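Here the protein sequences line up with chains F and P, keeping their order. So the first sequence is numbered by full-length UniProt numbering: it starts at 1 and just counts up by one. So the second sequence is numbered by full-length UniProt numbering: it starts at 1 and just counts up by one.
Some hints here could point you the wrong way.
Claimed, not checked - Here are the simulated EDC-like cross-link-like pairs (lysine to aspartate or glutamate), alpha carbons at most 16 Å apart as the crow flies:
1) F/104 / P/103
2) P/62 / F/137
3) P/62 / F/87
4) F/52 / P/103
What the hints contain is simulated information worked out from the structure, not anything from laboratory work. Nothing here was measured: the structure is a model prediction, and the numbers come from that model.
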Amino acid sequence: MAEEVKLFGMWASPFSRRVELALKLKGIPYEYIEEDLSNKSPLLLKYNPIHKKVPVLVHNEKPVTESLVIVEYLDETWKNNPILPQDPYERAKARFWAKFIDKKLLPTVSKLGHMAGKEKEEAIEEAQQQLKIMEDELKGMQFFAGQRIGYLDIAANVLIWFRIVGEFIGETILTAEKFPFIWEWIEKLMEIDVVKECLIPKERYQDLMQLNRNASKHASN
Amino acid sequence: MAEEVKLLNTWPSPFGLRVAWALKLKGIEYESIEEDLSNKSALLLHSNPVYKKIPVLIHNGKPISESLIILEYIDQTWTHNPILPQLPWEKARQRFWAKFNDDRLLPSIWRVFVTQGKEREEAMEASLENLKFVEEELQGKRFFGGDKIGLADLAFGWLANLISVLQQLTGLKLIDERFPLLSAWIQEFSETQIIKDNWPSHDKLLVKYQAVYDKFHPLK
Numbered sequence: 001m002a003e004e005v006k007l008f009g010m011w012a013s014p015f016s017r018r019v020e021l022a023l024k025l026k027g028i029p030y031e032y033i034e035e036d037l038s039n040k041s042p043l044l045l046k047y048n049p050i051h052k053k054v055p056v057l058v059h060n061e062k063p064v065t066e067s068l069v070i071v072e073y074l075d076e077t078w079k080n081n082p083i084l085p086q087d088p089y090e091r092a093k094a095r096f097w098a099k100f101i102d103k104k105l106l107p108t109v110s111k112l113g114h115m116a117g118k119e120k121e122e123a124i125e126e127a128q129q130q131l132k133i134m135e136d137e138l139k140g141m142q143f144f145a146g147q148r149i150g151y152l153d154i155a156a157n158v159l160i161w162f163r164i165v166g167e168f169i170g171e172t173i174l175t176a177e178k179f180p181f182i183w184e185w186i187e188k189l190m191e192i193d194v195v196k197e198c199l200i201p202k203e204r205y206q207d208l209m210q211l212n213r214n215a216s217k218h219a220s221n
Numbered sequence: 001m002a003e004e005v006k007l008l009n010t011w012p013s014p015f016g017l018r019v020a021w022a023l024k025l026k027g028i029e030y031e032s033i034e035e036d037l038s039n040k041s042a043l044l045l046h047s048n049p050v051y052k053k054i055p056v057l058i059h060n061g062k063p064i065s066e067s068l069i070i071l072e073y074i075d076q077t078w079t080h081n082p083i084l085p086q087l088p089w090e091k092a093r094q095r096f097w098a099k100f101n102d103d104r105l106l107p108s109i110w111r112v113f114v115t116q117g118k119e120r121e122e123a124m125e126a127s128l129e130n131l132k133f134v135e136e137e138l139q140g141k142r143f144f145g146g147d148k149i150g151l152a153d154l155a156f157g158w159l160a161n162l163i164s165v166l167q168q169l170t171g172l173k174l175i176d177e178r179f180p181l182l183s184a185w186i187q188e189f190s191e192t193q194i195i196k197d198n199w200p201s202h203d204k205l206l207v208k209y210q211a212v213y214d215k216f217h218p219l220k
């Protein structure tokens, strides 16, 4: 039976980019549908009625949502180039840190774009504390266990996105001096062709952040 | 090799309870260690340095934290009586609903419990909307996992023992005749032997959550 794989995504979403990365790593052919989040398509709303968000993977008409759930689904359905570690304990660790990135780091950094003054300073400090936790716990970890990028590397695309946000707000949250292990990890990731293909384009993203910042300024006037 | 399994937990925790249920469903022998969260043990702090929270499963000295991650670990390590289905799409669905509970449903109901006035009204609206989604998911199913208890059932399981307590303390109705499928599921779930045998005392829960409620709603 012909496999039909569609991905509803958005170019600026690290979650959407993650799924693209997983699809490319597995060599899975797919149709990409770019969503305008200010004007969501009827198909998106049909496939994800509860959260109404991207990314949504639709495989032979069956939808899967939530980026990390999708990545696990892809790994279980296409067995080539495994993404999750085989060992249950290693798997649990990979999931733990992916969740930490999504639930702790990401919300903190997301807020930074619209903050100023003391609030912003506190958020930056919080982000750096969280990065420190990761740095301390993960250093000594082998990059790309088995020479192949895996689940946590895919989840870490968010860390690459941080650098873009940091540059935009004029703060380098993530520096090589403070976080040498994480820095090197990201640098190594960014050398890989398939990762490069799935990066959020920096200038375009910074233009978007500028647009959003201007819009919120007008809204408050 | 002898398996050594420990569970760091507290008796009322909805997150710890789901792990205890999973261990019992699989017939895994384990040592249950009750933590005093106001005076966390060295073992807890060492085993979960990032969050310093329970539950933590320690298997042959290796610690695993975060309840849903623990459940997946248990299912992968002890493969009999699976709590996840075989098919990837069905697995994804169970994971979706477990996350829905933790990310949306539970927080919205908790907000009803701890807030007042307009905030509470909004939390109530959100909770009812979330409950409607969950109700729909139960169409044609005995459990979220199908014929038997699965990951999503364990995630939603806290509703079975705690909702009645929260309703009693707030005087508010959340799961009632508006949600017949959920009500029936609570009944089925509560009456399952393994679940019944590992059930925090309703009276103890009332006392504990009354104290929490009073903290958030101090008498003027």
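Quick one, are residue 62 of chain P and residue 87 of chain F close enough, alpha carbons at most 16 Å?
-> holds (13 Å)
Does residue 52 of chain F pair with residue 103 of chain P here, judged by a C-alpha cut-off of 16 Å?
-> holds (15 Å)
Regarding the pair residue 62 of chain P and residue 137 of chain F, is the alpha-carbon distance no greater than 16 Å?
-> holds (15 Å)
Does residue 103 of chain P lie within 16 Å of residue 104 of chain F when you go C-alpha to C-alpha?
-> holds (13 Å)
Figure legend: structure checked against the earlier numbered hints; every hint is met.
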